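Engineer: Listed below are the residues making up each chain.
Number of protein chains: 2
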Amino acid sequence: MAIVVRQDIRMGKGKVAAQVGHASVEASETIRKENNELWKKWIEEGQCKVVLKTNSEEEFRELQLKAKRRGLPVVVIRDRGLTQLDPDTVTCMGIGPGPSKLVDEVTGHLRLL
Amino acid sequence: MAIVVRQDIRMGKGKVAAQVGHASVEASETIRKENNELWKKWIEEGQCKVVLKTNSEEEFRELQLKAKRRGLPVVVIRDRGLTQLDPDTVTCMGIGPGPSKLVDEVTGHLRLL
Numbered sequence: 008m009a010i011v012v013r014q015d016i017r018m019g020k021g022k023v024a025a026q027v028g029h030a031s032v033e034a035s036e037t038i039r040k041e042n043n044e045l046w047k048k049w050i051e052e053g054q055c056k057v058v059l060k061t062n063s064e065e066e067f068r069e070l071q072l073k074a075k076r077r078g079l080p081v082v083v084i085r086d087r088g089l090t091q092l093d094p095d096t097v098t099c100m101g102i103g104p105g106p107s108k109l110v111d112e113v114t115g116h117l118r119l120l
Numbered sequence: 008m009a010i011v012v013r014q015d016i017r018m019g020k021g022k023v024a025a026q027v028g029h030a031s032v033e034a035s036e037t038i039r040k041e042n043n044e045l046w047k048k049w050i051e052e053g054q055c056k057v058v059l060k061t062n063s064e065e066e067f068r069e070l071q072l073k074a075k076r077r078g079l080p081v082v083v084i085r086d087r088g089l090t091q092l093d094p095d096t097v098t099c100m101g102i103g104p105g106p107s108k109l110v111d112e113v114t115g116h117l118r119l120l
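Chains as they are written, first to last, in our numbering: chain A, 8 to 120; chain B, 8 to 120.
Hints are supplied without guarantee of correctness; some may be wrong.
Which copy is meant is left open, because identical chains are indistinguishable; a pair holds if it fits in one copy or across any two.
Here are the simulated lysine-lysine pairs, PhoX-like style, with alpha carbons at most 25 Å apart [stated by the list, open to error]:
id, residue 1, residue 2
1, Lys47, Lys22
2, Lys40, Lys75
3, Lys22, Lys48
4, Lys40, Lys60
Note that these hints are calculated values from the structure, not bench results. All figures in this text were calculated on a predicted structure; none of them were measured in a lab.
Please build the complete structure, drawing on both the sequences and the hints.
Structural biologist: Okay, structure coming up:
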């Protein structure tokens, strides 16, 4: 699973961590329902996660489209805006879990957060 | 759900986020299996997460015991130590989801990460 975090909005370390937590659970739940075998494999192999960053909302949207076109599960996390952000701000997205080759095709050029 | 992150070890922002992601999925899975009604409620209400910090391993262990004594689910995350940390380093723990009163009794004095 790759989790892509927006760096063009201001979020503290704890905020980022919570958003990545949301994306992790959402992505896990999605695949648990849609492809239970793949989900079990992902859990058993240590529920691998790579946290990456993007510097623009435009790139974020492109990554989202790319991942969808390859049939990868994509979950987009929006913040309720009770603390640091405006309501409904997109903060991060989970891509996968899925075949490493496909996930790499979409996110391989991004830098680690 | 409260996620308590150790601040006495050095972890980058992305590392912390990934560890919190692990704790989120582990804690969610634990409660999904043990108390499906509570899990559904937690998911439907937006899978609330608060990310907190502790400055010592000793306090971390005390919190773990306190939470267990109150019957709250506790998941402790260890890092495989492939990058920034020694193998098997405890990085964070998930407490709950559970009744806010109980979670607050254990973690209410901690500061946000």
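Engineer: Are the hints correct? Go through all of them and say.
Structural biologist: Cross-check of the supplied hints:
| no. | hint | verdict |
| --- | --- | --- |
| 1 | Lys47 to Lys22 | between (29 Å within a copy, 24 Å between copies) |
| 2 | Lys40 to Lys75 | within (17 Å within a copy, 30 Å between copies) |
| 3 | Lys22 to Lys48 | between (29 Å within a copy, 23 Å between copies) |
| 4 | Lys40 to Lys60 | neither (27 Å within a copy, 33 Å between copies) |
Checked against the numbered hints listed earlier, the structure breaks hint 4 alone; every other hint is satisfied.
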